Amino acid sequence: MVGGTEFISINPNVNREVFKLGGKSLLECYQCGSCTAVCPLSEELDVSFRRAIRYTQLGVEEKILGDISPWSCNLHGDCTDSCPRGASPSEILAAIRRYQSIKYDWTGITKWWNGSSFASKLVGYLVIFGLSLLLYFGFFWQSILAYASTGKLVVLSELLIPVAVVFVISLAILASNGYRAYKFMIKDKKKEVGLVKSLKHIASFFIKVESDAMKVGHKRERILEHTLILIGLGLFILLGILYVLVPKFFEFKVISRLLIYVASITLVIGVGSPLMKRITAGEKTHWYYKKFTHPTDWMSLITLLPPAIMLLLVFVFYDLSMLSHAYIAFALFLSFMIPFILLEFAFGKHTHWLYKVIAYYVGARTGYFRGD
Amino acid sequence: MSSVLIVGGGVAGIQAALDLAEQGIDVYIVDKAPSVGGKMAYLDKTFPTLDCASCILAPKMAALLRYPNIKLIMNSEVQDVSGRAGNFKVKILKKPTYVDWSKCNGCGVCTEKCPTKVPNEYNMGLSQRRAIYIMFPQAVPKRAIIDAEHCMRLNPPPKAKEKAKGPLCGVCERNCPTKAIRYDQQPEILELNVSAVIVATGMELYDPRNLPELGYGKYQNVYTNLEFERLVSATGPTNGEIVRKSDGKHPKKIAWIQCVGSRDIRFNHYCSAYCCMAATKQAILAKEHLPEVQCTVYYMDIRAFGKGFNEFLERAKKEFGINYIRGKVVRIDEIPETKNLKIVYEDTAESYMKADEYDMVVLSVAITPNSKLPLPVELTKDGFIQLKDPYLDPVSTTVEGIFVVGAVAGAKDIPDSVTEASAAAARAALIAKRFSCPTPEVVK
Chain C
1 MVGGTEFISI NPNVNREVFK LGGKSLLECY QCGSCTAVCP LSEELDVSFR
51 RAIRYTQLGV EEKILGDISP WSCNLHGDCT DSCPRGASPS EILAAIRRYQ
101 SIKYDWTGIT KWWNGSSFAS KLVGYLVIFG LSLLLYFGFF WQSILAYAST
151 GKLVVLSELL IPVAVVFVIS LAILASNGYR AYKFMIKDKK KEVGLVKSLK
201 HIASFFIKVE SDAMKVGHKR ERILEHTLIL IGLGLFILLG ILYVLVPKFF
251 EFKVISRLLI YVASITLVIG VGSPLMKRIT AGEKTHWYYK KFTHPTDWMS
301 LITLLPPAIM LLLVFVFYDL SMLSHAYIAF ALFLSFMIPF ILLEFAFGKH
351 THWLYKVIAY YVGARTGYFR GD
Chain L
373 MSSVLIVGGG VAGIQAALDL AEQGIDVYIV DKAPSVGGKM AYLDKTFPTL
423 DCASCILAPK MAALLRYPNI KLIMNSEVQD VSGRAGNFKV KILKKPTYVD
473 WSKCNGCGVC TEKCPTKVPN EYNMGLSQRR AIYIMFPQAV PKRAIIDAEH
523 CMRLNPPPKA KEKAKGPLCG VCERNCPTKA IRYDQQPEIL ELNVSAVIVA
573 TGMELYDPRN LPELGYGKYQ NVYTNLEFER LVSATGPTNG EIVRKSDGKH
623 PKKIAWIQCV GSRDIRFNHY CSAYCCMAAT KQAILAKEHL PEVQCTVYYM
673 DIRAFGKGFN EFLERAKKEF GINYIRGKVV RIDEIPETKN LKIVYEDTAE
723 SYMKADEYDM VVLSVAITPN SKLPLPVELT KDGFIQLKDP YLDPVSTTVE
773 GIFVVGAVAG AKDIPDSVTE ASAAAARAAL IAKRFSCPTP EVVK
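Taken in sequence, the protein lines are chains C and L.
For reference, each letter of the first sequence is one residue, going 1 to 372 in the working numbering.
For reference, each letter of the second sequence is one residue, going 373 to 816 in the working numbering.
Simulated from the structure, these hints should not be mistaken for laboratory data.
Note that the coordinates shown come from a computational prediction; the quantities given were computed from them, not determined experimentally.
Just so it is clear, CB atoms sit at the ideal spot from N, CA and C, and this is done for glycine as well.
Take these hints with a grain of salt, some might be off.
[As the list claims (entries may be wrong)] If you want the footprint, here are the derived chain C segments under chain L, 3+ residues with CB under 8 Å: (1) 27-34; (2) 47-54; (3) 80-87.
Between the sequences and the hints, there should be enough to build the whole structure, so can you do that?
Dropping the structure here:
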């Protein structure tokens, strides 16, 4: 603000880009605000989805990048059900999120991963997967055979090094992107609320909103699927950390085996179920599975399913004493993990956990929560 | 002498009839109601001048009676139209009124004596009328009609019918000073030959029960705008007193909700055209009746496009202090203890969801065309009658000799309807004078 005048730059390409990123009904919107008013989040949060869509229509880039409304969206879909223009605000918001994550990412990979066609993504994915296969079934093949002949599975080996390197690089990029997102979001806002109080707000908010949503059939389905993925991925990461730091844990066969099976089975169900619904979408399928079919939606599921299946197979084979099979499955699991981490985890739809956490943190600290 | 049929006796139909009759052309007005007047007869005031609606309309209605060449065929429906420009054959079903209108003089004795009370449609069900009634005091023709469905004599309750030996009730027949009651009247079919037809069937209000989230019909203090119009009218159910249905008290805060069923792809995608100004007018009327009341209009866009409309709007804001808030109301919740209403919307000026409490909520409902007619005309996909050429021939339908005026051709207000009526009258007169067809003697 200089002398009461605010200078805002307009980027006229924004609405075209968001349109390409899946916001097909962006220009339908006539600013009635129904989406904000029907949203169950609005009871608790001072967010405006209408404003986010308006900024996008106009191309007010700096306002779009700093807007936490798209990230607070939990895809309940009430807005799409009651839009008087027949537009799909939740789909537009997802597209705005893709646009935001492209801008938050300084490497430019997100731009390709979110913006390119399904075929181009698949080719990119397969190239990286092919390279990983070469690595494990060429370079590491002898050591895999050597480990297989020992008769043991629990090994802290050089096999993990490529995955660990990719993981650390991805985390570093994510951290820097997260910091950029935080800077965009916190701009022009003031921290008013204490940290502890903010966290309390966020916790009670999620419990209330999601438990309300559980009462509605189609929302419950999606929440369960998402929760399964969350549990699966969480256990996945926990087990990975344990594997590296406390290999002894895996000597407690019952507990470790139970966790591994729970992690991989929940993940397979959590990913497989929405994937199947998208593939077999018919008349009775909820619109969510028909509208949210942007290539990034597909890829976020497709890239996660094979590693989950492979991890399950590793221990199935091991428990059946088919050790060489188990090692092949393990090598495949690692080969699938590399493109998943490198593309989807660091640059794809899965990054939303980070941006969501940042958005809710910024929102809570800057007084977006109403619960006082 | 050639003649013209006008379907619908609202303000547009009346205007067209007067223009044609003045030129010496025979005119038949067919209306399903027992009186002409249409929807304008329900209004208290008109925008943008706040003229009293019946003070403008009643002289025009009365003028119909001064022309011997205007025939009013009330309580009737057109059943079939065939033929072509210059010679249409029209079949009209004249439903029984159970009163000989040539004898009835509209004294109203029967409507006081009748023992059966039913909700009064003219007051949107907010008051009661008898089973024999005169539609409203200024009705033209001012004749009584029996509502056969509720009449004790014509449709007696089964139990009473078993007990009684002879025919039931008969109070109106006994009290009628001109002996005009005819319980045995039968429906009649009239056949007319006309040169041209003017369709002026107007509109109906969209049923806001289709939007259950707004709670119309469920919450007592949610009104449609036509109900509110009757409420503020001096001839209305409360003689112009604005009171709540739930407790009979004056409201302190009234909200108008715009675009209920209009501009919404789920209901009607068109703009209903009249509601912005009607809500502004009603807010001013509320303010005139109850100076302490707070009036707020919730709108998506204010469309004050006509002559004097924008000035009217400015006057409402400045002189009467009416608030306008931009935001579509998505939900109304009733507070059970007070029967007050909480309306939920996004204030688009401040960009977050808000919930405000009101004593009374008025829904500005959409209009839907009254176009389900046995006429050979084409309809648009919204159900309005298709115009031949919306630019250069805006009163012609796709059939030569059938003209269309008023809200059945597209949502519009009174001045536009009347303008079209005069235009269509001129076009119909051209046809009527070019062709001459024999006119059979018709029942009055």
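Here is what the structure says about each hint:
Counting residues of the region 27-34 of chain C whose CB falls under 8 Å from any CB of chain L gives 5; the rule of at least 3 is met. Residue count for the region 47-54 of chain C with a Cβ under 8 Å from a Cβ of chain L: 4. That meets the three needed, and the coverage hint holds. Judged by the Cβ-Cβ criterion of 8 Å, the region 80-87 of chain C is covered by chain L as claimed, because 5 of its residues qualify and three suffice.
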